[in-house]
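Protein chains: 2
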Amino acid sequence: MAGEEKAVESVRSAEELAQDSIAWATQHGLVMRLGGDSPQAAVIHAPMTLLPTPFPKEPFVQAVEVMPILNRLVDAVSRDSAFLKSVLSSAAQYDDFTANLLELNDATMASSRQTDSSEVVVGVHRSDYMLDEPSGKLLQVELNTIASSFGSLGSIVSQLHAHNTAQQAGMGPDGVPANAALAECVIALATAYNAVDLEHSVVLMVVESDEQNYYDQQWIASQLWDVYSIRTVRKTLADIASEGNLDDSGNLRCGDHCVAVAYFRSGYSPDHYPTSRQWDGRRLIESSTAAKCPTVAYHLAGTKKVQQQLARPGVLEQFLEEEDAFHVRKFFAGLWGLEDLSDPETQRTVQEAISHPEKFVLKPQREGGGNNLY
Amino acid sequence: MAGEEKAVESVRSAEELAQDSIAWATQHGLVMRLGGDSPQAAVIHAPMTLLPTPFPKEPFVQAVEVMPILNRLVDAVSRDSAFLKSVLSSAAQYDDFTANLLELNDATMASSRQTDSSEVVVGVHRSDYMLDEPSGKLLQVELNTIASSFGSLGSIVSQLHAHNTAQQAGMGPDGVPANAALAECVIALATAYNAVDLEHSVVLMVVESDEQNYYDQQWIASQLWDVYSIRTVRKTLADIASEGNLDDSGNLRCGDHCVAVAYFRSGYSPDHYPTSRQWDGRRLIESSTAAKCPTVAYHLAGTKKVQQQLARPGVLEQFLEEEDAFHVRKFFAGLWGLEDLSDPETQRTVQEAISHPEKFVLKPQREGGGNNLY
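In order, the protein sequence lines correspond to chains A and B. Using the working numbering, you'd call the opening residue of the first sequence number 1 and step up by one each time. Using the working numbering, you'd call the opening residue of the second sequence number 1001 and step up by one each time.
If you're looking for bench data, these hints aren't it; they were derived computationally from the structure. For every residue, glycine included, the Cβ atom is placed at its ideal position computed from N, Cα and C. Some clues are possibly wrong.
Stated by the list, open to error - Rough simulated footprint, nothing fancy, chain A against chain B, three-plus residues with beta-carbon under 8 angstroms:
| no. | stretch |
| --- | --- |
| 1 | 1037-1044 |
| 2 | 1322-1330 |
Claimed, not checked - Partner residues aside, some chain A positions facing chain B, computed with beta carbon under 10 angstroms:
| no. | residue |
| --- | --- |
| 3 | I22 |
| 4 | T165 |
| 5 | S222 |
For reference, chain A alone in the conformation it holds in the complex (with noise of 0.2 angstroms):
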């Protein structure tokens, strides 16, 4: 008997694919801390769609096309610290949480790090977004440059859904493209690693102390001990504070280890500065010669407001080849601040929210998610 004849037999019923899927996500790594009251080291798979969700090809292939010009548009708004700082200035006056990562990067520009042109910095960016109907559009819905989560858990879900359409009877494995999220990810922190080129030296990712998502952040530490044999130590803010320090060539040391790349998997929220001891942890990274992913430069560039004033007409130009801009342009969704509504467009745009909720969303200016009113 061959297998494919025997493949017949297994087209299953969602129970069954369900059981299915929760036992191979359990034995892949595809989790999540249980949290609650249960012990630290109970896990439950991530949520997951059994299958995959059909997509059109032509708009994935765009997205996926149109990242490495995002990622130069990041790069480029960050080293424009004016741009920044006009952009941002009227919402760090009521936001305190830009106003010292707009300080930060101040003190950076300031400091003798930005005219060291062997500066390492990193983007792991995360570009979201909706398919709008009915016009079909793909249109951004935000651009994360910090913290980055679900590359690595994405990466297995991917595997999942190739190993749960190779079962299902009429659907073929070749649907599923491939995610090297998780891979590439570990490439560029690897990369970034061997740049910095410290002897001894260990990669610190930037964590909360209780984090549900530990399992996302750990494929990265896992693969970039089994692939480059290079060490991840986590630490939160408030460590890095207490236990922190440069050394006279300005080398970050964090405990026993010296740093060299600083992976942020917190730090995008205010919530993740109680104190000034959690901000003390973010200057002691930023002003170091520790690769970091993200400089505070780049945690500015995908902040809201940012993103809205790159929407308006001829902003994407000052940063871009024009080709380049047009492509980019093609996935903005409206973006409108609300910080002037003696703005005659502002005013517009609320009349329209108040007689037309249903089309819009109002998202709070910082990274992290879960905030948005529909």
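Please build the complex by placing chain B on the supplied structure of chain A, with the hints as guidance.
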């Protein structure tokens, strides 16, 4: 910088090693269900040592070498129903469980199945030992012939140990022998499946409905699918009694499935037979054409009473070549039964146990573990 240089940095504290090992175990499916009030899908790493336990090579190699002989012994004993009956009839008088198994074996022997040379039997046996001090001898504690567990998780623990020793400066990975228990269990079941050769059939895994050690079982099911495209269906003995029947050819059908192999991961304890329905399920399997892992005869051959009898002078030689019997006997610790307290040898043993309780373990006749008195 070479990876080797960096490995020197990686001598980890016990706490770091523990955290890394918990993460590794969770990423690689070395897990058990959390149980209790937690969601059924919640898991936690299996109990494990962080590093392999040093073990003398000679007894290890001897244990590996004697295993095929023990397997032949089980097979030979299982075919001698008169021997099984004579050894177990006294236990059957006060133990319904053993009585039911003996009765089922008698019925099987009396049926046409026994004379059908095409019958396929699969043994997945686990021989448990303790290293005796100060003799240095490896002594067999018991031989499990039904539902031998931890083959899968044991294999993954070996991978963890190889991983940890590779990272730990001063320890090489060569010292951790490969553990092929999972792979070989899967090969055994697949071989049986192919020998039975029924179109569109499945492996029926006989399980408890609420199984904490689910993933040790699931790895076998996953590998059967991934390597051989053989599907596994989980059913309790009660499910099988309800959904099962024999077709005209004596093939076991269970729901929509035709069963090529019945693989028991339950059924070894009286607790698994709360009503006669479970015995109905066992009987249905036993009387079918399905390959059994194990048959009732194999199950009986693994009872303590039989092992105790085999340890008596001259008994092994009824079933094995003299040279093989000599090898096996080296691993026999003393096993003493208590059913005849008037027997002078039993009286002597009991007196010795009362005087020196530290030398003895009181074990029940049946399988399952956890029922010992020290």
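Violations among the numbered hints, reported as their numbers in ascending order: Hints 2 and 4 contradicted; others consistent.
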